[in-house]
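Asks: Each chain, letter by letter, is given below.
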Amino acid sequence: MLKLKGVKQCLYPKTIEEAAALLKENGEDTRIVGGGLHLTAFPNPALKALIFLNNLKLNYVKETDNKISIGATTTISELATSDKMKDYLNGNVKKLLQSIASELLRNQITIGGSIAQRESYSDIATLLLVLNAQVVLNDGEKEIAVPISDFYKSDFRAALKKSVIKEVVLEKFDPSYKSDMERFTRNATDIPLLNFAVLLQAKEGIIKNASVIVGARPGPAERFTEAEEFLNGKIFSNGLAEKFNKFVEENVDVAGDIRIGKEYRAHIAGIFAKRILKRFMEE
Amino acid sequence: MKVHYKINGEDKEFEIQPGEVLLDVLRRNGYTEIKGNCYLGTCGACAVLIDGVAKTTCTTFAAQVNNAEIITIKGIGTITEPHPLQKAFVEKGAVQCGFCTPGTIISAYALLKNNPDPKEEDIKKAIDGNLCRCTGYVQQINAIKYASKLLKGGKR
Chain S
56 MLKLKGVKQC LYPKTIEEAA ALLKENGEDT RIVGGGLHLT AFPNPALKAL IFLNNLKLNY
116 VKETDNKISI GATTTISELA TSDKMKDYLN GNVKKLLQSI ASELLRNQIT IGGSIAQRES
176 YSDIATLLLV LNAQVVLNDG EKEIAVPISD FYKSDFRAAL KKSVIKEVVL EKFDPSYKSD
236 MERFTRNATD IPLLNFAVLL QAKEGIIKNA SVIVGARPGP AERFTEAEEF LNGKIFSNGL
296 AEKFNKFVEE NVDVAGDIRI GKEYRAHIAG IFAKRILKRF MEE
Chain W
999 MKVHYKINGE DKEFEIQPGE VLLDVLRRNG YTEIKGNCYL GTCGACAVLI DGVAKTTCTT
1059 FAAQVNNAEI ITIKGIGTIT EPHPLQKAFV EKGAVQCGFC TPGTIISAYA LLKNNPDPKE
1119 EDIKKAIDGN LCRCTGYVQQ INAIKYASKL LKGGKR
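Chains as they are written, first to last, in our numbering: chain S, 56 to 338; chain W, 999 to 1154.
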């Protein structure tokens, strides 16, 4: 079964600048291949050329004093098993990464591909949004770092016709920060029907700098600012977890689709909110 | 265009179309031990080791892995000299219709290479992308545990 009948050439740039130049030269009908999963599962017959980043050595997880840089072609498995993720935010990010899709697919899905694709059900998008990651883009002439929330607010699909994702950069949070994410799936390897992530700072039991992201709503992941405002300044308690549950269920911006209804999604979001806060109290 | 692979230890060169997936190229060239089914990466029947990592060939472009080392189920053992995993799958009744077996053994092989003493949870996670149409997962898990013992006992 020939998936992409229209593809006539495969390009293997040697530098990221060359990759960006090829992207611009070849225009609309060219795609950069990350893991290849989306392009092979949902083939676009209009495509004429594929750009492979094999020679660019973008498989890495590097640590500096206060940042962790993840190369665009790093797979979820490579990131999850990196020693840099072992204790990152109490190991919760590693645990989450290991729960996405199946082992075979985690070995193939790349961080860059996940960012570029921004599937509405993406767990990676929700995760990177809650961590306020920076996306580093190279357009062949310059490199820019953009917060992923701004990247997604912009016309990022147009930007990716001229620029290549080089890496994503995570902040290293001090131990007063906690983060966790919940995902609801019909079975262990299925796409999520809802995901819910929280990052916050807890100093002397008081919550600060809360970030709450809801994905697979079924629309793409979005910031839930009302929930952030609800949490900021509050003191951790079981009572707060119950109130947060109710608040989220009543205010979360979700909809129904063929898989589950709006009320069910909202109900699960509330439960996830409570569960995450309770776990933070136990940490 | 031409691609080069090392498949089960042998250097090979194939003519491919740029938009083809690895599954089709390998099967066309005689590697029919790799089973094709979903073409979406969801069933795992077409899994092989690509540079030591288990991946589905139906979602991997043939051109993407040019110059890679590929190992199929036939590359880990033969009928006369089976790998402990192959032996364990037969002895523990983990093969029913057999369609998922090559992919499942490849996933198990990758697991045991990195984790020779896996817990049941580790095994379940390692083969979670390999769907068994006969639902014989209990036997598969038992076979992988048994293979781990055989390997520790020095049986390859």
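There may be inaccurate statements among the hints.
Some chain S residues flagged as far from chain W (calculated, every beta-carbon gap over 10 Å) [stated by the list, open to error]:
1) L57
2) K58
3) K60
4) T70
5) V116
6) E118
7) E158
8) K227
9) G260
10) E297
11) H322
12) K329
In the DSS-like style, the derived pairs of lysine-lysine whose C-alpha atoms are separated by at most 30 Å in a straight line are [as the list claims (entries may be wrong)]:
13) S:K333 x S:K122
14) S:K103 x S:K122
15) S:K149 x W:K1122
16) S:K149 x W:K1000
17) S:K139 x S:K60
18) S:K60 x W:K1122
19) S:K79 x W:K1000
20) W:K1072 x W:K1150
21) W:K1010 x S:K60
Treat the hints as calculated values from the structure; they're not laboratory data.
A virtual CB, placed ideally from N, CA and C, is assigned to each residue, including glycine.
Asks: Could you work out which of the previously given hints the structure breaks and list their numbers from low to high?
Replies: Checked against the structure, the hints that fail are numbers 1, 2, 3, 7, 14, 16, 17, 18, while the rest are satisfied.
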